[in-house]
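Engineer: Residue numbers (this note's numbering), protein chains in the order written: chain A, 1 to 357; chain B, 1001 to 1254.
Simulated from the structure, these hints should not be mistaken for lab results. Please note that the accuracy of each hint is not assured.
[As the list claims (entries may be wrong)] Derived pair list, reagent style DMTMM-like, types lysine to aspartate or glutamate, alpha-carbon separation capped at 25 Å:
hint: 1; chain 1: B; residue 1: Lys1067; chain 2: B; residue 2: Glu1022
hint: 2; chain 1: A; residue 1: Lys248; chain 2: B; residue 2: Glu1106
hint: 3; chain 1: B; residue 1: Lys1231; chain 2: B; residue 2: Glu1032
hint: 4; chain 1: B; residue 1: Lys1121; chain 2: A; residue 2: Glu23
hint: 5; chain 1: B; residue 1: Lys1167; chain 2: B; residue 2: Glu1076
hint: 6; chain 1: A; residue 1: Lys248; chain 2: B; residue 2: Glu1076
hint: 7; chain 1: A; residue 1: Lys248; chain 2: B; residue 2: Glu1055
Being a predicted model, the structure only gives us computed values, none of them experimental.
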Amino acid sequence: MATTTHGLGGLKYDPSRRARAPEWNVFFALVGIILIFELVGRVFMGDSFLFNTRANVDTLFNEQRLQIIILQVSITGIIALGVTQVIISGGIDLSSGSIVGATAMVAMSFAQVAMVNGNPNPKAIFAAQGWMDLPVIVPVLVGLACGAAAGMINGALVAYTRIPPFIATLGMMVTARGIAKWWSKGNPISFPTDAYAAIGKGMMPVIIFVSLAVLFHLILTYTRYGKHCYGIGSNEQAMRMSGINVEKMKVLIYVIAGLLSALAAIVLSSKNLTAQAGMGVMYELDAIAMAVIGGVSLQGGRGSIIGTVLGALIFGVIISGFTFLKLDAYYQEMVKGVIIVAAVVLDQWRQKGRARG
Amino acid sequence: MSDIILETRGLSKRYGGVHALEDANFTLRAGEHVAVVGDNGAGKSTFVRQVTAVEQRSAGQVFFDGKEVNFTGPLEAREAGIETVFQTLALADDLDVPSNLFLGRELYKFRMGPFSILDRKAMRDRTLEALKTTAVKIPNVDNPIRNMSGGQRQCVSIARTAAFASKLVIMDEPTAALGVQETAQVENIIRGLKERGIPMILISHNLRQVFDLVDRIVVFRRGRIVASLNKHETDGNDIVSYITGVKGAETADA
Ligand SMILES: Nc1ncnc2c1ncn2[C@@H]1O[C@H](COP(=O)(O)OP(=O)(O)OP(=O)(O)O)[C@@H](O)[C@H]1O
Ligand SMILES: [Mg+2]
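Chain A with its partners taken away, still in its complex shape (with noise of 0.2 Å):
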């Protein structure tokens, strides 16, 4: 065993006996839950969960699922990586999913075509005003700016009234969801231009995701962003004592969330080629439970990235389990629910064990 004293005053410590990053945890519990799939697969429905099963194609692993599971998470995957953000700050926020709903109709009323097959576009929503055909770069920057503003006030109710996350960011879910359904009367907003039907095309919505993933994972943990992220979560007056401007730093995180939602919506707009005002119902509650599964503490200061992201990859898993094993639907949602009550439960635990004495 290599004990050194690497420790200062000469306390022996072995770096190779490091404590095991609470990550793994999760990517155990995504391989488990993978296997008992598998299991379950093959002796009940003579299938197999992961592996390729049929012969006229030619791959080991059941590709198409594969692609499935991460699809489908990818867009309440990219909110998480905000959620995540503001619960490591100490926060919450309820309102992503009307984010979404508001920035996807906002955005895709100035993505529309002039014409659809030869008549004038029926749903063109500034038809008077002639914002047709416009460059696909306006609704994204719309778009984020909706999702900037709406994030901007959840910060600074945040930070500079004393309203708690949890009722300020409530205030936002009721009344973006209400500015999506005025914003049309109800109706739903369709026909974009090619540019903007491309950005979630495909397999666009994983790229999107794993790219911010992958730029956030390194933005938490190589900048100041980052470090005063976990900072303000686990001790705010501290951080205040240190000098650090605490209320600007949180506006700052719910504006990136606020971005990173309005993203969702722009690529879920684009993928589902229209945009409704009930778009994203409930996807702020699949976020947070993405976040809580990967092991982010709701008590703030804790979480990862990559730990969301296996979160992300757990919730895919276990939708597209519960279709391979043809089970209902709701079945799903009771499960998700059983789901994010024990990451809960398992993170009271995880307080208790190492609460000061």
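Given chain A, put chain B with the ligands in place with the hints provided.
Structural biologist: Same frame as chain A, but now just chain B with the ligands:
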């Protein structure tokens, strides 16, 4: 007067109906080390929080380094040159030791506003150096400080203050949780500050330590300054009678 580094006039703090600090007139000269003593709840930490602008005072004036100051927050106090070990330590439990040492004044490889990239290696190296001066035993500075002992955490906070000391150092019960060896080492750090001519306010319940280290002793009692005594003109019993109220019923200026 230019050799006065810190002066408070009529400094008061009320929490609702509680007069935690009343009419504190306190002066600290350049290079001087002063101890603040008093019973629990006497208002010592409250005094520190007003001077460092962690809280906004209810009344009074503060002069620092020759000018009247109205710090709006602890950052301004720190930028003016006041380094403090707070009684609550002001550490973020989920961050590792280097992050805590450099909290709010990180070293960067590359500056990009809030997304500036941290120079983790430089911070770690300088942390190890700073901690050596405290003789604290820390098995792994890369662990979050949550699981560290009270003394280890205290040493992190002291190392931070000592490493960045510039115009004034305030330590609120810095050795409260420390063992014999670590206490001796921290006392050496304080002597080092004295040699460097850095003025200091030391809050301590340990009268032996106070007599060893400082020039002057200021006694707080029930939110008021009741005595300011030159170390050579007083003794332990005298101090205790001020602390307990046997002596010095009315407010004194320090
Ligand atoms: N935020 C607050 N709200 C209400 N009362 C407070 C607050 N902070 C301090 N007090 C009260 O002010 C008084 C002075 O407290 P302070 O912390 O300054 O005492 P202290 O002299 O530092 O004591 P100790 O030696 O125990 O650290 C106490 O009676 C305390 O209860
Ligand atoms: Mg105190």
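Engineer: Work down the list of hints and note, for each, if the structure agrees.
Structural biologist: Now the hints, each set against the structure:
1. Taking the CA atoms of Lys1067/B and Glu1022/B, the gap is about 22 Å. The hint holds against a cut of 25 Å.
2. Restraint check for Lys248/A and Glu1106/B: the C-alpha separation of about 17 Å stays at or below 25 Å, so the hint holds.
3. Of the pairs offered as hints, the one joining Lys1231/B and Glu1032/B holds, with about 12 Å between alpha carbons and a cut-off of 25 Å not exceeded.
4. At most 25 Å may separate the alpha-carbon atoms for a hinted pair to count; Lys1121/B and Glu23/A meet this at roughly 24 Å.
5. Only pairs whose Cα atoms come within 25 Å are accepted, and Lys1167/B paired with Glu1076/B is accepted, the gap being roughly 13 Å.
6. Our distance criterion of 25 Å between C-alpha atoms is met by Lys248/A and Glu1076/B, whose separation comes to about 16 Å.
7. Between Lys248/A and Glu1055/B, the direct Cα distance comes to roughly 19 Å. Compliance with the 25 Å bound is thereby established for this hinted pair.
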